[in-house]
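Take these sequences, add in the hints, and give me the full structure.
Protein chains: 2
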Amino acid sequence: MRVGLDVGGTKTDAVAVTPAGEIAARVRLPTGWGPDAVVQTVLDAVALLSQEPGLAGATFSSIGVGIPGQVAPGATRVLHALNLGVDELDLAAAVAPALGAPVRVENDVKAAALGAYALRGTTGSMAYLNLGTGVAAGFVFDGELWRGARGTAGEVGHVSIDPRGPVCKCGQRGCIEAFAGGAAVAERWGRPGALPVRDVFDAADAGDADARVLRDGLARGVASAVRVLVLAADVDVVVLGGGLTALGDRLLGDVRTALAASASDSTFLRSLRLDDRIELLPAGSPAAALGAALVGASHDPLEALAHG
Amino acid sequence: MRVGLDVGGTKTDAVAVTPAGEIAARVRLPTGWGPDAVVQTVLDAVALLSQEPGLAGATFSSIGVGIPGQVAPGATRVLHALNLGVDELDLAAAVAPALGAPVRVENDVKAAALGAYALRGTTGSMAYLNLGTGVAAGFVFDGELWRGARGTAGEVGHVSIDPRGPVCKCGQRGCIEAFAGGAAVAERWGRPGALPVRDVFDAADAGDADARVLRDGLARGVASAVRVLVLAADVDVVVLGGGLTALGDRLLGDVRTALAASASDSTFLRSLRLDDRIELLPAGSPAAALGAALVGASHDPLEALAHG
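In order, the protein sequence lines correspond to chains L and U. Using numbering that gives the first Met the number 0, you'd call the opening residue of the first sequence number 0 and step up by one each time. Using numbering that gives the first Met the number 0, you'd call the opening residue of the second sequence number 0 and step up by one each time.
Read the hints as simulated data drawn from the structure, not as lab findings. Model, not experiment: these values are computed from the prediction. Heads up, a few of these hints could be off.
[Stated by the list, open to error] Over the 10 Å line for every Cβ pair with chain U, so calculated as not near, a few chain L residues: (1) A93; (2) R146; (3) G170.
[Unchecked claim] To spell it out: a stretch of chain L is covered by chain U in this simulated footprint if at least three of its residues, at any positions, have a beta carbon under 8 Å from a beta carbon of chain U; those stretches are: (4) 222-229; (5) 263-275.
We put the CB at the ideal spot given by N, CA and C, even for glycine.
In structure tokens, the structure reads:
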């Protein structure tokens, strides 16, 4: 049995996966803040899993952890996981002795890409576009995660699509993330609320002009990201996931409208049939935790690093 | 001995390549217009090569042809090679009987990418950004050409970077190609001349305001293409080639200035060290013909289609 964990900014999702790739158990728990608490969260998640009905006596052959930060070469250390209060942490070294199994760490978006690919159960090429606090993508080609030369493939959030657009936290103007990142939208909205992007959609529906600008910009940013992913990498499909996709068809409908508008102006874009290539990851999908389990099960870390 | 041909809009470049990958002979000849003349050009090029000193009695084991058009699955037929007056042509079927060797066809930009990679003689990942009539790129990862799901990977010329930018022939507004494609620049310049983009650079140097706008836009378009290629695919290096690179350091200097300007605003972009990742293909490089020879030498067409 393999274990996969998706350590998110507020909660951690953990699954136990059979050798056949089926999810045998799943638990969720709050994520602690800071390096020590993150280590404890990982240990608690594995302990909770082992107490699940049906897993009595099961042994875990590998642990994979998806985490919102940069993963250093070697797949044990995480850097700059700012949403977890972690600047640098050798997570594998910290938890492996207590867990008695090899531990590998992966960037959460890349883990989710691998999990989404496995859940789709098809072959070919896929981009997973994560719409959360920020905007980033992961690529899976023929079943293998593809990281690029320095592990930053898929950073389409920082492609600028408008020289007069809003300033991005990265310092550029008009980045896709400045239009479509949850944090950027919330900051520009500027009103208190637990779910600011949902508030923006509600206010736009009610006719608020500022909200309409933000909502249109969000759709435009996501549509641009889809175009960049397909034009640059010619993936079969772009799967949309992440916190913002809780808006479901309200978001997807806007994105389809934005894609249709660009296709109506361009025979070339129309020929790419972008509208047919986008899919929404179902709400509550275990893609990220499942993908982490698949990363954790890679036998040779160096081989896995080289090929994805 | 393998043969590679780069069939361009005005001239055809042909090389004979030894099993060790060395160029043993090279000839150039004008390209004919229309399907029959293109077929004759290919036959003439191979005949000329066989008359080169040192190739007496040599046999050609494979022929690869790079051509500016879409290549249909199967790597024998070319579609929409508009600059050659060819709408659809089974080039391999037309020339193979007379040549007595297997013939494969490849899009010219993808062939040039493979050739540029071979000429660099290093490992890792590379994008080849072709700056010619249009703007398109090819990717080589670990020595293999990467085409994407439908053979259109690298079409970064049609990423829009400015919603208020010039209308592209594809129908969108503000495409990279509308700023940096040779045809688009020539059309916006609108004055007669054999080398319109060089004229634009000369006029800009002389203080012409219209020319300065076009020249700045060209650098901005190329810099954007480099950013898209590195952000999306995280390639080690972007090699610039194509007709516009005859401008050499005049073009490269502008592109470096545009990249430096965006990096000065953004710590994130600065960390990507884009300026260190760009290179100019030397003028007169046989990259495209050499790459075509490498494509032609692929033993299993289906395997070659699947992997590169």
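Consistency of the hints with the structure:
no.: 1; hint: A93; in the structure: holds, 27 Å
no.: 2; hint: R146; in the structure: violated, 7 Å
no.: 3; hint: G170; in the structure: violated, 3 Å
no.: 4; hint: 222-229; in the structure: holds (count 4)
no.: 5; hint: 263-275; in the structure: holds (count 6)
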